[in-house]
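Since the structure of chain Z is provided, determine the placement of chains S, R and A on it from the hints.
Take a look at the letters that make up each chain.
Protein chains: 4
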Amino acid sequence: MAKSFYNKLKIINDPVYGFINVPSELHFDLLQHPYLQRLRRIKQLGLSHYVYPGATHTRFEHVLGAMHLLNSAITELRKKGHQINEEERLAALTAILLHDLGHGPYSHTLEGILLENVNHEEMSVLLMEKINEEFGGRISLAIDIFKNNYSKKFLHKLVSSQLDTDRLDYLKRDSFYSGVTEGGIGTDRIIKMLNVADDELVIEEKGIYSAEQFLVARRIMYWQVYLHKTVIAAEEMLKRAIKRANEEAHKNGVFATPALGYFFDHNLKGIEEVNSGPLYPYTMEAYTKLDDTDIIVSLKEWSNHSDIVLSEISKRLINRNLFHVDISNKPFDEKKISNLKEKVVSKYKISGDDADYFVFSDRIKNKAYSIGKDNQITVLFKNGKTADIAEASDLSNIIALSETVEKYYLCYPKDVV
Amino acid sequence: MAKSFYNKLKIINDPVYGFINVPSELHFDLLQHPYLQRLRRIKQLGLSHYVYPGATHTRFEHVLGAMHLLNSAITELRKKGHQINEEERLAALTAILLHDLGHGPYSHTLEGILLENVNHEEMSVLLMEKINEEFGGRISLAIDIFKNNYSKKFLHKLVSSQLDTDRLDYLKRDSFYSGVTEGGIGTDRIIKMLNVADDELVIEEKGIYSAEQFLVARRIMYWQVYLHKTVIAAEEMLKRAIKRANEEAHKNGVFATPALGYFFDHNLKGIEEVNSGPLYPYTMEAYTKLDDTDIIVSLKEWSNHSDIVLSEISKRLINRNLFHVDISNKPFDEKKISNLKEKVVSKYKISGDDADYFVFSDRIKNKAYSIGKDNQITVLFKNGKTADIAEASDLSNIIALSETVEKYYLCYPKDVV
Amino acid sequence: MAKSFYNKLKIINDPVYGFINVPSELHFDLLQHPYLQRLRRIKQLGLSHYVYPGATHTRFEHVLGAMHLLNSAITELRKKGHQINEEERLAALTAILLHDLGHGPYSHTLEGILLENVNHEEMSVLLMEKINEEFGGRISLAIDIFKNNYSKKFLHKLVSSQLDTDRLDYLKRDSFYSGVTEGGIGTDRIIKMLNVADDELVIEEKGIYSAEQFLVARRIMYWQVYLHKTVIAAEEMLKRAIKRANEEAHKNGVFATPALGYFFDHNLKGIEEVNSGPLYPYTMEAYTKLDDTDIIVSLKEWSNHSDIVLSEISKRLINRNLFHVDISNKPFDEKKISNLKEKVVSKYKISGDDADYFVFSDRIKNKAYSIGKDNQITVLFKNGKTADIAEASDLSNIIALSETVEKYYLCYPKDVV
Amino acid sequence: MAKSFYNKLKIINDPVYGFINVPSELHFDLLQHPYLQRLRRIKQLGLSHYVYPGATHTRFEHVLGAMHLLNSAITELRKKGHQINEEERLAALTAILLHDLGHGPYSHTLEGILLENVNHEEMSVLLMEKINEEFGGRISLAIDIFKNNYSKKFLHKLVSSQLDTDRLDYLKRDSFYSGVTEGGIGTDRIIKMLNVADDELVIEEKGIYSAEQFLVARRIMYWQVYLHKTVIAAEEMLKRAIKRANEEAHKNGVFATPALGYFFDHNLKGIEEVNSGPLYPYTMEAYTKLDDTDIIVSLKEWSNHSDIVLSEISKRLINRNLFHVDISNKPFDEKKISNLKEKVVSKYKISGDDADYFVFSDRIKNKAYSIGKDNQITVLFKNGKTADIAEASDLSNIIALSETVEKYYLCYPKDVV
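Chains as they are written, first to last, in this note's numbering: chain Z, 111 to 527; chain S, 111 to 527; chain R, 111 to 527; chain A, 111 to 527.
Just chain Z, same shape as in the assembly (with noise of 0.2 Å):
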């Protein structure tokens, strides 16, 4: 029994945008899928909310919200004369709404942790063709989209490029959030000075401030938010309790909700474990069973566990009371690590390799643009010529913002010291 889209719900309030449209009744399906639901249950920024509270958005809104800024580029692309038929456009918006399926638990925390070797866009493509399966063939060219090999390449870039409305969305999202108001940026200037030249995704010249400012802002979130030294420590400290209570796993057993159990039991590694072999079609179903709250359950019961390293981890990740974080832009002092280990070894009584657990120290960095690569930003200028942004620009800004920015972060107990 067929019911009419129109008595379907369409509009959806979001505190970003106000109210955004479900394009089609397709979506509408896809919005019903199980995968897509899932989303609700997985924060946008991990752990980012230990440091900033708001910051409990998930990656369902996030793409919401990237699908209507799609929409409101390809209007104004319309506008401006080129041709996208209403087949691609619905295709392009398939497209960024279910280009985050394959997050797992925390977003980008554990990814790489649970599947070794496997990657969030990789299974993303796996769970879109076993949807397009079960939607007869309906979103291939949304894939296709996605993957890059449809002719149109300005519609990917759309999608996924250094100025996609996904990055749009995050940068916009995740300020408003996380409350870091100059993070914030001019979504919708940005989206009227969109164009294509060559088949390219273009900014016009006059857009070039809001570029600029989009990528300042962007670094802007990188180091105050997504890379603030306690949300570093709070996930790393994720990442070394689940290891953990993997290992436990196969040793003396250890507590794990169903969905994370089937991880533990497995240890699988590379995306063709996944996507084939006798454990397919299993990982798949258990991987979109798995959210943020299977994490949480198991915490809360590893900080009871006999093992001290995984019991501290974990009661420290439950309760906030996360390892002390010392950052500097020099690699740490050998010394002043092992010293730390000692004392960790001393007071928790555990073996000098298990002290790994409670001080480490590695290098983080980031760049707020890649220069000249396949998904440069492109300028348009009033003339019709185009340049990478870097070259763009009257400024040398630009090419400073290219330069990858290195730190050194040192996590421990502080009451050790």
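Take every hint as true, because none was put in to throw you off.
For identical chains, the list gives no copy identity; a pair is met inside one copy or between any two copies.
Straight-line distance between alpha carbons at most 16 Å, and here's what the computed EDC-like set of lysine to aspartate or glutamate pairs gives: (1) K316 - D436; (2) K189 - E135; (3) K339 - E315; (4) K517 - E315; (5) K263 - D484.
I should point out that these hints are in silico values taken from the structure, not numbers from a laboratory.
The structure displayed is predicted, hence computed values, not measured ones.
Showing chains S, R and A alone in chain Z's frame:
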């Protein structure tokens, strides 16, 4: 080793107010307490995010926001010459910070379900008293204020009344996150207009329009968000899933996360059973381990349970495939209801009694303002006289707002029709 | 030489809505017309900026905003299947763009003062007709819609009714610029809920709470902003300054800017004297030269005039040293008034008659909603029936909002007391 | 008869910050002073509202906002242990409140035109000193702070430097009213990060990203708003209209409002002629009577003047029929310019010299940050050391921002081409 407060976190970013100051080292330590950290895992608006995807904010943010507003209110009252000493200020801030400790998973949704005949305020008092023990009696005054046992009654009113900072924050915040902007209120203006007369918290005459708008906004938020028909469907389904799982736990056994399982095992009734007897303090401990994630993980498992009632409701909840809801100003026709139940019995091959899990009807009601109760909103006139706002207004509007609005809903699976 | 529209300004930045599109080349040309540019020099809220310093926004912005909302409303109605052809759409947008052309300096403040018995709508029609001549009849349909002479009555209602896009914009905008956030309304939601039934503009049942909030917000804006007692004092003083200067012009002579002087010279009454007779079209020309700046420049000069009544009021207005205002629910005691007048007579050495310039009392009134008038707000129920919102609501609230609220004010120089 | 401060206006609504408190009775009285009230009649952004219609905000709002931010900054510095006594606090607040008194009509637009070789800061000092006389020396300390004659230099830096509260407010406010949201800055965060080291105002290390974003936002506002090519055209046209009217005043006579006429009559040069000599204090008096409205009323009259140069420019300004502007990174070809002038000579039948009024070209430049000047932005590291932000940053970004960007513009009437 005493860390200086200066080195501790003192400012928290909040998307609604910008920055929130942690008022003292005591409050910092309270914020670090596991009971308060747990509020990070309890959504402020239960399942409203199923209709308003942005509404994933938590009780944790709310209590911070309410504390922030209460602090502003005290600053204002001091300016107007009212004596509030530093101890009283800090105690009132503690009281509001802790006032929601007693909430269970999904806030109000499961209140009275997991612990029969226990409301969240009773639990809040128990947990405050527990913390007070740990803190050597340092929050006694806060508890007195919360329980309205302190001489300056207006401090209690700031924490709990029809114009308290609890409501001021939640309306502002819930409006912000849901995107229902017209439910927003002028918190700043209302706070500027607060005063004290005869130990009563009052609002000055010129704040009367802001207070009226506050009541109207509250009604909008009730009908548009808190009692949105889809939210009712989701929350009623959740109550039924928990009830059914509890029954199954005692019949064929059922998966439950450890924290949830405790409540199925013991089926406690009344605050006395929590606060004394053989299970004291275990119930409190279990309660403070329980949060939204236990419910989600359990629902995901129940989706595959052999009991069709439990699995069907659970699966629908997880995938947001909710029952359809009709709303009416009159009770629904009994015949229509029994007819729907028959269809459900036939479709799901269940007993007539079990049909109550799929087809149910009840009354919802709300009044925006309660006249003449102990916690009336009192207006202070320029001449020093006071009156209930319903009498003070030139308008019959407030009286209209004090009428109870009743509606009836009927839930059922759309696909049986 | 025809410039292409593509090269003309097409997008206008608006702090309230982000971007406003100029819908066509005709609208671009209308925007360039001196009559419309003049609205840049007329403050939307008269002298309200004396209380709310941010409220310096102009009629120009307001008509752009109202046009933007009307365009959204038409998009919505078309989605719901209502036939609105392109000519009708553009004409409706023209009507709203031009609907405020007839406003004089400080919007409503001097309405009926400079041109007795002439209201701004009448002037708007005259000016539209003048433009229509210049544009070769291209805005005839817009004028028909504005004058409610067009068959599709709902188009007129979008331009002028109790739920028109004029009100939707001014409430949103005035709330934004005054900072009275609680006067804000959910324009987006209201527009999504608009529909047409029996050629009537209606609001769908589920929009009823938003419509109620709109009425309450409107009342707040009336009492908090438009009829704020200090605003009343300022605007009444301005009326008196103009009246006195006019009298002086015919006695001892008075400075006036050329545009203002014309009106002192002729003292016209009624729209007929504007629209025909010996002074046609000179009065219209003079009127379209007149704006807020003529008033300010004249007041500055009058501050030094030999007539104490004129100079005192003018100086006070320029320096915002306004008369004191008392507000009461009852008329003020005549004795109190005459007593104040005596003091003024004595202080300023003026006649008893002239005391009326310094001491005056009157009634202000407002009702948030008018039941059953031609322009009632009509609710469309799901079953297709319609009703006046006052009857449609479950609540007696709307009926309460339709009561007229009356207040009395008394103005006088504070320093005579 | 002393009115108590309690009965005076103490809170002002501001759309940007919500509420602004008037800090003391002295500040209340200063706000009432005609010099300050005059700022209500001077637009903050000159003619930028011709491009951004919302940008009609005034210097009055800006100085209130800057005072509000400076107060927050002092609260913050006190929290960090810096001694700022109550007298110093109030004096700093006075200094920022009065810092813009010296602005003339349309803010910077006519600076140096009506009073040659006089800048607005000089006039501000004169007017402050005048007020100081009236107030019996009560604002002497404020003047010392403003002139950087007070021992605690950091107080002056809060009022005037590359990271002063003047800039913090105007960027935030101009971004708000123009709708150029990406020019917005994190004022709250920057203020929280302010500190004092060696009597210097500094920003703490962790505020470095916010400070960078502030500089980038400032550059955006320069190129997108303050130096928008259409704004340049309008402001240059206004300068020319004033210059021409002044010439005409001495030839054939010209209308001028009384306040403006004074400056045509005397053609003063240098602050000495204002501050002493035969015209003291008349020039100051005339200056404080002059505002935006004098310009508009005069332009409206000049539109009908017999001098075609004056009337054409005036009419175009009033009706926003502005000259066309080309922008280039290189100087414009002299031939192109002389060619345009010939066309103008032919079209308007004017002399070759007068063609300069219609066709003109110049250079505009801006740098976002000046390294190493007295008023550099200084970063305070955790180890107590300080450095210029350009050196402190890991990035070459700030150095890039300190490069001067130069552009060339060419204005001419579009219709001669």
